[in-house]
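Visitor: One letter stands for each residue in the lines below.
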Amino acid sequence: MPRWAATIARCKGKALLVSCFCGLKLHRGEPMHAEFAAFMPIPPPTHPCWARLAAGGAARLQTRQLGLQLLFKRIADPKLTPIDRAKEVYAFFEKYHSILKTEIGQLERI
Amino acid sequence: MNTQAVVPTNSLVDIATASALIRQGVPLCLAGSAEAIAQLPAGAWIAGTIPYFMAEAGGVKASDRLFVTRFPEAEKITFAAYEADAIEQIVPHTPENGFAFAITPCGCAALNRFALEGRDVEGAFLKPVVGWIAGVDLDRAASETPQVFLGTDRRPRKDGFVVAHVTLPEGKLATLSIVNIFQPDGGDTLRFVSSGYKAVECLVNGAPRRLADYLRERNNETGRLPLVGDLGGALINVSIKDVDPVSGQVTFYAPVFADTDYQIAKPVSDYAAAFDHELRASATEPSAFACNCILNYLHGSLEGRSTGGVHGPITFGEIAYQLLNQTLVMLHIH
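Top line first, the protein sequences correspond to chains A and B. Using my numbering, the final residue of the first sequence is 143, and nothing's skipped along the way. Using my numbering, the final residue of the second sequence is 463, and nothing's skipped along the way.
Since the hints were made in silico from the structure, they are not lab data. Please note: incorrect hints may appear among the correct ones.
[Said to hold, decoys possible] Sample of chain A residues facing chain B (criterion: CB under 8 Å; computed from the structure): (1) Gln-98; (2) Lys-106; (3) Arg-107; (4) Phe-126.
Computed from a predicted structure; not experimentally measured. Cβ atoms here follow ideal geometry from the backbone N, Cα and C, with glycine treated the same way.
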């Protein structure tokens, strides 16, 4: 199973768990509940923030991480599909979430 | 003797000390003159030629010493050499949780390919490639050629990459950062119609111009000030190697990209002070490796002057995901 797919599976499990405790109903495209966010290092791959980043929102995200800056330049390549762009950005946040706290805090506002 | 315990992670040492470490089986990445490297025993190491270093006493040129870098945090390190037609394998061969430390000779075909295509390799930003470009003693530039070496065969290579694939333990992460003392001057925006190491024409604020004429008009025909590109918010320099006043052809030390806006850099009056200032402002984490550009060493008269306590080789180009110019690169392990 690819790493990103495994993360989706893990996230879905956590979403169910949090729903039970908090009485939340999570649907695709809805903003995350703060308590849910606390359980997760980053929003799940289905969260619209990734599509927004891939569709130009990256220009509004403030970061000093060189890798992320250069990745944002790379995904501006018109030859890439929106899905591929979103997947690349998600994979970066998934791997480096522990040092991207400032950036993760901006995802909901992008 | 437990040499690992007494030898710093990044240090300029004599040939005997480097040789002793190699014989003990300590994996090393080395920088030094071809003569110094030729005296090393076979073993687990890679090396590139350069006699300039940022040492504890400041910028120094030394042909009889070697700068050794080791990665005590590593779980495993393997070494490999890649020919120019195989450099796209560097990232796939790098462990998921790790990084590639790469050295390649200045001006070779492998570097040219990497500079143009490296950022497009899948996974390039998840498995960082950090490293530097091998060069020569500038006083012997006419007779020397930049070379890299793989410790297992010790054969000098004038093309290709030598790479240390470093695996980090679970929970550790490698990131790269840069210190760039140059800022865009806030004036004209330059665009290029195609990516590459050479250009005759460019667009200045959208209008076609001969680049050589424009640089002369801006008093930058010597190329002392690089072009500064904005890549996703990162300021990336492209240094000017040569301006041919007859043909109008401008040659760069790294490629310009057609999808990027460039400006000429603002002049810097005191390089060493600018480095100190930028290092304090942006380098807030300790580095596992650092290298700085020979053009900063030369233009900034850094010989004998310290650059913020950062040590490493002074190189003919730097690698942080892609080829960089006139930039200090740092590897961090979190």
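Visitor: Check each numbered hint from earlier against the structure, then list the numbers of those it violates in ascending order.
Guide: 4
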